[in-house]
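Novice: Below are the chains, spelled out letter by letter.
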Amino acid sequence: MDIDVTEPVPADSALRRRLLGIGLGGAAVSLLPFLMGRASATTTTGSTSDTTPAATTTAPPKRPSTDDVTLLGLAQSVELAARDLYDVALGTSGFEADQRAVIATIRESHDAYAASLSAILGRLAPQTPNPVVDSLSSSFAGETSTILDAAYSLESTAVATHTDILGKLQGTDAASLIASILIVEARHGTVLAYLNGKTELDDLLVNNEADALTPAEG
Amino acid sequence: MSRHDNSHDELRRELRSLGATADRDARAAQRVYSQLFESPTAASDGRRALFGRRDMLRIGGFSVATAAVISACGEHVRGQIGRVGAVPTTVKLPDAVVTNITLLRTASSLEHSAINVYSQVIGNTNLIDPKLQDVAKRFMDDHVGHAKLFEKLTTEAGGTPWTCGNPKIDDVIINPIITRIIKGAEATPTSKAIEPSDDPRRDVLNFAHGLETLAGATYQALVALFSDPALRGDAMSVGAREARHAALLALTINPDRPGGLVNFDDAVNAEPAAPPTTIAPTTTAQNIANPVGGKSPSPAPVPQTEIPSVTAIPGQFGALGAIQIVVGKGDENGTRLKMNLETPSLNSFVYEYMKPSC
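Those protein sequence lines, which keep their order, are chains A and B.
Oh and the first sequence: position 134 is 587 in the numbering used here, straight run, nothing missing.
Oh and the second sequence: position 65 is 331 in the numbering used here, straight run, nothing missing.
What the hints contain is simulated information worked out from the structure, not anything from laboratory work.
Quick caveat: nothing in here was measured; it's all calculated off a predicted structure.
Ideal Cβ positions, reconstructed from N, Cα and C, are used throughout, including at glycine.
Just to be clear, a hint being listed does not mean it is correct.
Stated by the list, open to error - BS3-like, lysine-lysine: derived pairs with alpha carbons at most 25 Å apart:
#1 LYS604/B <-> LYS651/A
#2 LYS418/B <-> LYS403/B
#3 LYS434/B <-> LYS604/B
#4 LYS434/B <-> LYS449/B
#5 LYS651/A <-> LYS458/B
#6 LYS604/B <-> LYS458/B
#7 LYS414/B <-> LYS403/B
#8 LYS515/A <-> LYS621/A
#9 LYS604/B <-> LYS449/B
#10 LYS621/B <-> LYS414/B
#11 LYS621/A <-> LYS418/B
#12 LYS621/A <-> LYS414/B
Claimed, not checked - Now the stretches of chain A that chain B is said to cover, found in silico as 3 or more residues with beta-carbon under 8 Å:
#13 519-530
#14 550-561
#15 589-602
Just need the whole structure built from these sequences, with the hints factored in.
Specialist: Below you can see the structure in the form of structure tokens.
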């Protein structure tokens with residue numbers, strides 16, 4: 454068979470060559486990502502780089518676990534108890550305007566905390582106040598100073614309980630919620646001490662935190 | 267004729283045929299070269315057919331693809347991007363992994379930053395009212411205790427405790443604010459020099475309030491990042507203390523009642539039938555339009571940026587948003603230094619590879 458390259462190139466032959474070229478080019482381009490992954494690199498690692506693979510970790514769950522439900526139920530019962538106790542306090546008539554405004558605001562906050570915990574727990578939320586209500590009701594119905602003292606202790610108890618719960622919760626959603634509640638309840642104690650005329654730093658900063666409530670007590 | 271003779275004949279025919287083909291190829295090549303290099307016209311049909319512009323582009327593209335393939339055949343490290351040609355070598359940055367140890371080191375760094383601020387303030391009556399010295403000392407002692415707690419937890423977690431301030435927060439927030447309060451700002455080609463603060467005590471208290479609020483918010487934010495629940499409880503036991511510091515400072519800074527005690531909107535919502543009668547004002551009044559009218563005996567002072575008011579109980583839930591701090595004397599336009607304090611994040615964590623420099 455003769456091979457004569459000087460013969461005029463037929464149109465269909467040129468087209469064929471172009472198509473072949475396009476095909477080869479496409480194949481090369483499609484292979485590039487694969488080749489790049491295997492491509493040579495002269496990167497040197499610094500002395501501080503960690504050459505050992507990072508330890509695998511398991512991310513904590515976001516949603517509450519079964520054990521979390523019990524703990525969050527306790528937290529909600531404490532908030533409902535606080536709301537009910539502040540209702541008792543607001544039923545008295547001895548507060549000055551500023552004191553009343555603070556007590557009413559704190560009462561609303563505890564109601565909001567109970568509602569947000571209810572949203573996390575859904576139908577598993579206990580929706581019942583902690584029995585601590587029964588033991589503290591009389592204090593919240595007394596003199597203004599007595600009420601403020603009792604409220605101060607109640608807030609400290611709530612902070613201690615939530616801190617204890619935080620150390621046990623697995624789900625991060627509920628942990629974040631409890632933390633956002635706890636940090637404001639801590640401020641409640643300082644303001645209540647101030648309203649009650651306390652001037653000692655140990656009182657204002659609630660140096661002696663109350664004991665935490667436990668699910669058994671709930 | 268044997269079978270062997272028959273094969274020899276076939277072989278000879280094949281050789282003749284190949285020889286003839288080679289001769290024809292040689293003649294054809296000669297014609298091609300003649301047309302290419304001896305043709306009088308610059309663009310003969312033959313040359314165009316062989317080396318057109320498209321062919322040159324095609325050859326160029328093929329060369330690039332070939333280079334990529336050749337580079338792929340050399341030494342390689344899986345997962346790294348290949349390079350074509352001579353490129354200087356690079357040093358890989360250390361791995362920045364956010365672990366519990368990183369978070370604990372960040373926590374202790376924040377405590378040390380706060381300690382450094384209080385240590386500059388305590389004993390300086392220009393910066394803090396002598397009546398508040400004990401409060402400042404108490405706060406600093408608390409921060410020392412918190413730093414020790416986080417350093418101990420870092421060691422227990424297998425890490426190296428961080429005993430310096432937070433480098434990023436010190437550089438970007440604390441040092442500029444302290445400098446603006448104490449020294450003001452030097453003149454630049456585009457602005458005049460700014461004098462030291464017109465009320466250093468006010469600014470220091472507001473700054474301390476911002477730092478304490480930031481510390482509380484930081485521990486609140488870390489709760490979602492710690493993988494160990496016990497560390498969350500430890501962090502928030504400290505966060506609660508920081509929040510009480512902030513509340514006490516707010517009660518000191520803002521004398522309005524109930525504005526200094528609780529968020530005014532929350533108070534109104536709590537008792538809509540009997541809302542508080544006083545509205546919490548900002549602590550700095552403005553006199554932009556000279557509302558009294560008439561001539562002023564002297565040029566009206568340039569209104570200064572308002573200082574945000576602070577509240578002991580600023581909201582129902584702990585907030586993680588930026589805390590705005592306004593300090594120092596205003597510039598020629600009355601604009602004071604505004605700074606947003608934000609909880610530490612990826613650019614301000616104290617990673618395990620970082621070395622203290624204090």
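Novice: Does each hint hold? Answer for all of them.
Specialist: Comparing the hints with the structure gives:
1. LYS604/B <-> LYS651/A: 34 Å, violated
2. LYS418/B <-> LYS403/B: Distance of about 23 Å is within 25 Å: holds.
3. LYS434/B <-> LYS604/B: 18 Å, holds
4. LYS434/B <-> LYS449/B: 21 Å, holds
5. LYS651/A <-> LYS458/B: Violated, at roughly 47 Å.
6. LYS604/B <-> LYS458/B: 18 Å, holds
7. LYS414/B <-> LYS403/B: 17 Å, holds
8. LYS515/A <-> LYS621/A: 14 Å, holds
9. LYS604/B <-> LYS449/B: 16 Å, holds
10. LYS621/B <-> LYS414/B: Cα-Cα ~18 Å, so holds.
11. LYS621/A <-> LYS418/B: Measuring from Cα to Cα gives roughly 20 Å; hence the hint holds.
12. LYS621/A <-> LYS414/B: Given that 25 Å is the threshold and the Cα spacing comes to 23 Å, the pair holds.
13. 519-530: As far as the stretch 519-530 of chain A goes, the hint is violated, because 0 residues have Cβ atoms under 8 Å from chain B.
14. 550-561: holds (count 10)
15. 589-602: Violated: only 0 residues of the stretch 589-602 of chain A have a Cβ under 8 Å from chain B.
Against the hints set out earlier in the document, violations occur for numbers 1, 5, 13, 15.
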